[in-house]
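Chains as they are written, first to last, in the numbering used here: chain A, 229 to 335; chain B, 826 to 968.
Hints were generated in silico from the structure; no laboratory data involved. Any given hint could turn out to be false.
Listed next, with one range per pair, are the computed distances between beta-carbon atoms [stated by the list, open to error]:
#1 Gly303(A) / Glu839(B): 27 to 37 Å
#2 Gly883(B) / Gly261(A): 47 to 57 Å
#3 Arg879(B) / Ala265(A): 50 to 60 Å
#4 Asp289(A) / His857(B): 52 to 62 Å
#5 Gly303(A) / Gly873(B): 41 to 51 Å
#6 Gly256(A) / His857(B): 50 to 60 Å
#7 Glu894(B) / Thr296(A): 50 to 60 Å
#8 Arg321(A) / Thr923(B): 17 to 27 Å
#9 Ser275(A) / Glu894(B): 47 to 57 Å
From a predicted model like this one, the values you see are computed outputs, not experimental measurements. Beta carbons are placed, not taken as given, at the ideal position from N, Cα and C, and that holds for glycine.
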Amino acid sequence: MPTAHDVILRTLADPTRRAIFERLCRDGEQTVGALKARSGVSQPAVSKHLGVLKQAGLVRDRHEGRQTHYSAQPGALAPLVEWTIQMTRFWERRLDRLEHLLKRMDQ
Amino acid sequence: MNDRAAETRSVVVEREIPFPPEKIWRALTQPHLIAEWLMENDFKPAVGHRFNLRGEWGGVLDCEVLVVEPNRTLSYTWDFTHAEAAYNLKSVVTFTLTPTHAGTRLRMEQIGFRPDQKQAFGGAKAGWQQFFAKLEQVVARPE
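Next comes chain B alone, as it looks inside the complex (with noise of 0.2 Å):
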């Protein structure tokens, strides 16, 4: 883990799906495709390549395509801009491809920091995800 994954917040969503790790990267990767499940846009699967997805709300994210590794790794920023900074959002998503005797475990991070807080995560390094996940639980306890 690197300083800058320590110092944020993660979202990671696990499903296993009973289809090859090919099929599932035309849908990952092919516009019309990805416009049937997520959103619409105009990605290409290219490294460097900036592309949009706009939201059914109206929302537009900022994205750039990080990485590319067929049928297996797909990473790309996502990024929202708001008026109000509280909704302003910079995080990259991860989508991690692993054949299983099934068919593929689909994995989905999300890593996300808020540019103006990333100062002030400088002082939680390791430690912090772990803290993360026990949050929940806290929250969960009734007061």
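Chain A extracted, bound-state conformation (with noise of 0.2 Å):
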């Protein structure tokens, strides 16, 4: 059973897919083909990336007319980041003590 960290990382670990979701990130909400524009790839396996992308919930999509207008959802990037803070603050925590034992100890 993958836990959402794993399928976070497995889209992510495609090139091109991460590139689309980074642009999303910065640049905010955009169609397939401002997107297709941009990084070098055709239409459909733009749109494919996207799906997996949402599917993941990575990215929201919202329909205007004929268009759709494609955003990144940060938010779900919080599992993954999870453990880099927890490992963070637990190693943040021990040098304290570290430091605290070193003024103690004899030289």
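Fit chain to chain and form the complex, with the hints in mind.
See the structure below:
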């Protein structure tokens, strides 16, 4: 049973897909056409990548007339950074203890 | 950076510490001192030595010494096996000591991956580390 974590990592392991997601994070909502123009891959390929990103909860779509606009769901990345944040906190606390110990130690 | 590092997540914590590297090295390598700041252990500063770190929460980490360069670099594996795959972790912890005029710059880097994810990371390679560096900013942004 893949976790949310696994799904996000697998989804973003593809460089083209990751580039599309990064672009949406950086530049905000865009249409498939606009993404295609800047990614250098075909429109069906872009649509397919967007479908995978959507399935992973990383992007959402909004229909307006005949156009579909895609935007990033940055909150979806939370499970991914959790490990890093937790471990950073852990090590900060342990190194505080190390510094206290060094003050108590003989030279 | 080797392929493995590029495929992983890493945590880096750096400190300026007003003591010489020799003193910090003792705290990093003598079991009774390690116990005071990190965890109970049966560590020995010998490459290939296998040991455990026992956390206050009851967890036990499986470790193996990888690098011992006295007063400079200490590296060991830091693996955690859990019945629930999501908590499994394989990682490597490396301490690097650099003398400064005021004492020592201590750098702790932990690089980790989950075994079942290694293959999934295959396509990522370069750019991955940089990408992770940006993630926190992205996540901090309001929806």
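Structure-based check of all given hints:
| no. | hint | verdict |
| --- | --- | --- |
| 1 | Gly303(A) / Glu839(B): 27 to 37 Å | holds (29 Å) |
| 2 | Gly883(B) / Gly261(A): 47 to 57 Å | holds (55 Å) |
| 3 | Arg879(B) / Ala265(A): 50 to 60 Å | holds (57 Å) |
| 4 | Asp289(A) / His857(B): 52 to 62 Å | holds (59 Å) |
| 5 | Gly303(A) / Gly873(B): 41 to 51 Å | holds (44 Å) |
| 6 | Gly256(A) / His857(B): 50 to 60 Å | holds (56 Å) |
| 7 | Glu894(B) / Thr296(A): 50 to 60 Å | holds (56 Å) |
| 8 | Arg321(A) / Thr923(B): 17 to 27 Å | holds (23 Å) |
| 9 | Ser275(A) / Glu894(B): 47 to 57 Å | holds (52 Å) |
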